[in-house]
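2 protein chains.
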Amino acid sequence: MGALERLFQPRGVAIVGASTDPVRVGGAPVKALADYGYAGQVYPVNPKYDEIHGLKCYASVADIAGPCDLAIIAVAAAATPDVLRACGEKKIPYAVVLSGGYRESGKDGATLEAEVRQVLAETGIRMIGPNCQGVINLTDRMYATFGAIAAEPDMRAGRIAMSFQSGGFGFTIALLCEQQGVGFRYLVSGGNETDIKTPELLDAFLDDSETKVAFAMIEGVDDGRALQRVGRRGLSIGKPVIVWKIGNSETGARAAASHTANMTGQYDIYQAAFRQAGIVEARDVEQLQDLFFAFEAGRLPAGNRVAVITITGGSGIAFADRAVEGGLDLPSFEPATTEALEKIIPVFGSTGNPVDTTANLFNQVENFTSAVSHVINDPNVDQLAVLMASVSGPTAEAAAHAVVGAAEASGKPVIVAWSARRERASDAYKVLEDAGIPIVPTPVRAADAAATLSEFAARQRRLAGKTEMTITPVDVTLPDGLGALDEVAGKALLAAYDIPVTEDRIVHLGDDPACIAEGLSYPLIAKVLSPDITHKTDVGGVRANLGDAEALTEAVAEIVLAARHARPDAQIDGVIVSEMVSGAEVLAGVINDAVFGPTIAVGLGGIFTEVLRDITYRIAPFDADEAHAMLGELRARALFDGVRGGPALDVEALAEALSALSRLAWDHRGRLAELDVNPLFVRPKGQGIVAADALVVLK
Amino acid sequence: MGALERLFQPRGVAIVGASTDPVRVGGAPVKALADYGYAGQVYPVNPKYDEIHGLKCYASVADIAGPCDLAIIAVAAAATPDVLRACGEKKIPYAVVLSGGYRESGKDGATLEAEVRQVLAETGIRMIGPNCQGVINLTDRMYATFGAIAAEPDMRAGRIAMSFQSGGFGFTIALLCEQQGVGFRYLVSGGNETDIKTPELLDAFLDDSETKVAFAMIEGVDDGRALQRVGRRGLSIGKPVIVWKIGNSETGARAAASHTANMTGQYDIYQAAFRQAGIVEARDVEQLQDLFFAFEAGRLPAGNRVAVITITGGSGIAFADRAVEGGLDLPSFEPATTEALEKIIPVFGSTGNPVDTTANLFNQVENFTSAVSHVINDPNVDQLAVLMASVSGPTAEAAAHAVVGAAEASGKPVIVAWSARRERASDAYKVLEDAGIPIVPTPVRAADAAATLSEFAARQRRLAGKTEMTITPVDVTLPDGLGALDEVAGKALLAAYDIPVTEDRIVHLGDDPACIAEGLSYPLIAKVLSPDITHKTDVGGVRANLGDAEALTEAVAEIVLAARHARPDAQIDGVIVSEMVSGAEVLAGVINDAVFGPTIAVGLGGIFTEVLRDITYRIAPFDADEAHAMLGELRARALFDGVRGGPALDVEALAEALSALSRLAWDHRGRLAELDVNPLFVRPKGQGIVAADALVVLK
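Here the protein sequences come in this chain order: A and B. Numbering-wise, the first sequence is residues 1 to 699 according to our numbering. Numbering-wise, the second sequence is residues 700 to 1398 according to our numbering.
Isolated chain A, as found in the complex (with noise of 0.2 Å):
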């Protein structure tokens, strides 16, 4: 049995707090189970009525007969925990708690919902909400909700299970998607999420074996690293987890932290942390419906290169636009496709890629389903795009069994864009549904939708090929206390992990800086050390390309001493004296993401960073393969190749050294409150990379 599978499936349903009155929300469940074809017991609670709607209603849960998985809580916040406490000794194991009047609403509120958390631990009873609008499973007719989508009693069940924050409008996208074919098995409004969570559910709807896609939208979550695995978990067994994530604009992320208690961390880390673990993002309704459908087919391209087959030629450029946008490419074919589609296809047509059929192919239909299977057999094709236009008639269902041969015999995914009115072609979108082949009304949609099919199956691959991170534990002991550590300790840090860094010598206050540093090539630079003084430039404690070791001797002196007079305060150790190093300057540096935890951001350095915000993030740990996807992200990424006839940089080294910096993060995670290396040099390919500093914050 998967993860909550009597809370979805419950044998019987109790209501507490039942209402006559079937608009209240103790009345519309009641009318709901009774109604709409749930084949389990529904045992209306509330003492004042011996019958609601036909049903026997009881005066409390203790008297309920029979078997009940689910009790569904209508009564006012104060008067929960007692009926949780009720629940419990009646071994209900699921509760829907459909009240507000929790954290959400004060301080009180949240006192309240301490409460209930501690008669769930006691009682092991496991809860959705409080504060939400309920439970819906379509697929057996059980409605544990009220409001405008326990009106709607004849909603389509099918294979996509979505959860959501925000009731009203989640019931809202589910009934929007509703009225465009989408069938749902599982709706579930989380309300506070007290007890059961987004990834919870999500997790549940990957095990349940009839969901063919986990759908979420979230204002946020408290824990990142649980919403990665169960996309992980995901993307492993083909089916797609999908989430819209919003309040993501500052006025949005405001509005969000009113509507509901629940975290909104930086936009851009979700969606690093997504690409990172395979989620699909979405950010429309539209979009989620053709996702839904494309998905649901249960296919998945090999490769990124897509065919397009269209009978007016301008709907083919438009998919072309948009799915190169999107990443795919549109291979030519191989000599024998091309000849074969020249026998069938008019001389005003077209049979390169996008193949245009022009609609007189639709007279000889026989010469459709040719080219159609040509196409999409020809190797060089992942998958396929037929754009009908708005084909209607027995014409429409000849080229709909022409698609669906060529889908099924040759296995590879195939989208339709298609834009005939149903009444004029029922039947040969029915033909189309059968078979599973997603239908979206235009060529746009269709090519977003082959890319994020493409896209999804890359990150599959790349997932197949991996073999389960193993960090060895580095063996490095960080000292005791607070605050800054001063570059040196920082560095060593850095170099435990295999991180290079800059050769350095340390000028004790009275050492001869020239003979310190014998050895190393001039120009050096020469910066004050202090765990004290963190921005070293600020207090005047950096000189660089020093050119011999009189000019050294000056710096060292004059350092100390601008040093001193900035901050009289600080201890002041010495002086790290280093060779100049060259290459291209990228800051990398550790956050601690409330959501998610130990964070690895980067971006090259100077305006880059701070003007352009090109900064790259993902969550810690991470191999070099997902540091390569990471920099492959940052918009000046062809900076790495080389600029103006310049040489390639180490990218594999920068790579390495960011995976590295990222077991660093995760193994001190509970001891790192900052941490930047700024500047890290990038060299010609070949030499490497090397940290020129480092600035190590403990908590």
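Derived by calculation from the structure, the hints in this document are not laboratory data. Please note: incorrect hints may appear among the correct ones.
For lysine-lysine, the following DSBU-like pairs were computed, each having C-alpha atoms within a straight-line distance of at most 35 Å [claimed, not checked]: (1) B/K747 x B/K789; (2) A/K343 x B/K806; (3) B/K1042 x A/K430; (4) B/K1235 x A/K685; (5) A/K536 x B/K1384; (6) A/K343 x B/K1042; (7) A/K107 x B/K1042.
Derived CB-CB ranges, DEER-like [stated by the list, open to error]: (8) B/D1174 x A/H535: 53 to 63 Å; (9) B/P1346 x A/G465: 29 to 39 Å; (10) A/P346 x B/L1162: 18 to 28 Å; (11) A/G37 x B/E949: 31 to 41 Å.
All C-beta atoms, glycine included, are put in the ideal place defined by N, C-alpha and C.
Since chain A is already given, all that's left is putting chain B on it; use the hints.
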């Protein structure tokens, strides 16, 4: 009478090549014109028949008795010129040539197309097509068309006029939009656009008082400036010109080239030209629908401040995310508004912006009405979005009345996001539709449409504040002949347009460089002066950072030597000596775009242009205000505001220089093959700019 009026509203229509088969090219329009409600005369012409579809059939055009403003020509390509001649004799002013077989089909077709053009010139006939799917006036049920659309007798008439080059895909889009409630007035498939082209059609749409929105789908146009003119005209009269351009990716453009003979210039330049002329760009069908509804409503916001009222918090958050992304601001309300809202909105709602009235407010609809009214009348609010989720029934109707009332009283634009099933809320939909309130299905789409409305209005305000740009010719004569000017002549041309250039001295062969440089401040830069050497660095012809007279003298000698060695054939006139300039390095240039003519490109120097391709365009000429808008599109725009504590740069001077360069490019459009100002240094605010080099190539 507006342009092309009799094309769209003919008093009689001849169908030459009329067929008795209603699915054939010559048969479909006969049937459609006879059966769908067209009130004018219909004249089938075909010597083989006496009657077609119950109508008298004429043996030839000459036999037609009665008014005839339009001839639909459905005969083979070779027979078309003679038919056109006959139409000319009969004084039929307009022809729609449906058949293909012209330049899209090869050389013979091109010859035929030239002949057609010749006949048009002789007869004065204006023509749509050839190789097109015809013209429809849905208001008057005038279907001069064939194919799928000719089998749609019930298409809703409305106020959107649409032209497209790709016949099949254009009609597909029209049908999709129509299924969502869009009403079209005119639909025109322009085909090869041999005579009447997209800009002329758009212009005629603007002329037509019944048309509220002019839309074109294009693969390309041959006169980009004509498109801009019609965009500006639409902006000034408040009738938006919307364009969806396809064929933008390399693959898409290749497909477009094989599809029609239309130009597809560089997409970046098209997009810049759209922005410059106030043309609204669309990229898919759903977006088009929303824009049609939003613009058809006829109200524009006075600023970018949007308020949003929701009954489900999540939808407000999703709206806010996208609205902010689209450049909208969600302002705070005046205290009086907040106070009023606090009295009616439950505590678990939100009185901020987004306003969350909660679904409870529908229980007392007068409170909802009051909330909507307070919010829309807040002086900080320019437009309002109401997110109605899936509410249906009498509540929905009451809410709809509230929205209509508030919109009418305030005169501000209102958009509604609503997803109730139509059959559950038909009365409410009707209330909104009758009042012309745009309805879209999702909050995200509402935000997109509101942002586009706001952007259009902002452009309109900018245009309204402008007087026509007067270009005073500059008294400068370009030398005769082809090829490159030397740097001195190039800079002189810039200087004639008041673009500051470096103070240069010319060291002729044999001169003493130090004497010539007298009065300049070292360090200096020396560059070879030769009309034959356009890339001076490549031949060792540039030496910078010359600290004193000695270094200068040495450098001059070396430059001449190096240049002679590298290019023994080149005429070397000496060496240019100038002061070193500093500032932010910018590249500015003139592109002679095939579609738009002289166009200015600008980007920041170095990697910004080379690696990040951070370049922006404007069609010449333009004023400094437009140049500011142009610079605002650079991703690295913030660099001009000063970096790392550096001073803000003189963007005003740069904008003036770009405007001057654009006038230069326009004045000399007949002679300029190429013009590059590289580098152009932008100095701190108040210190202006200076062009340090100029390459001018004449044609």
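Exercise for the section: Quick one: which hint numbers does this structure break? Sort them smallest to largest. Expected result: Numbers 3, 6, 9, 10, 11 - these are the hints that the structure violates, sorted from lowest upward.
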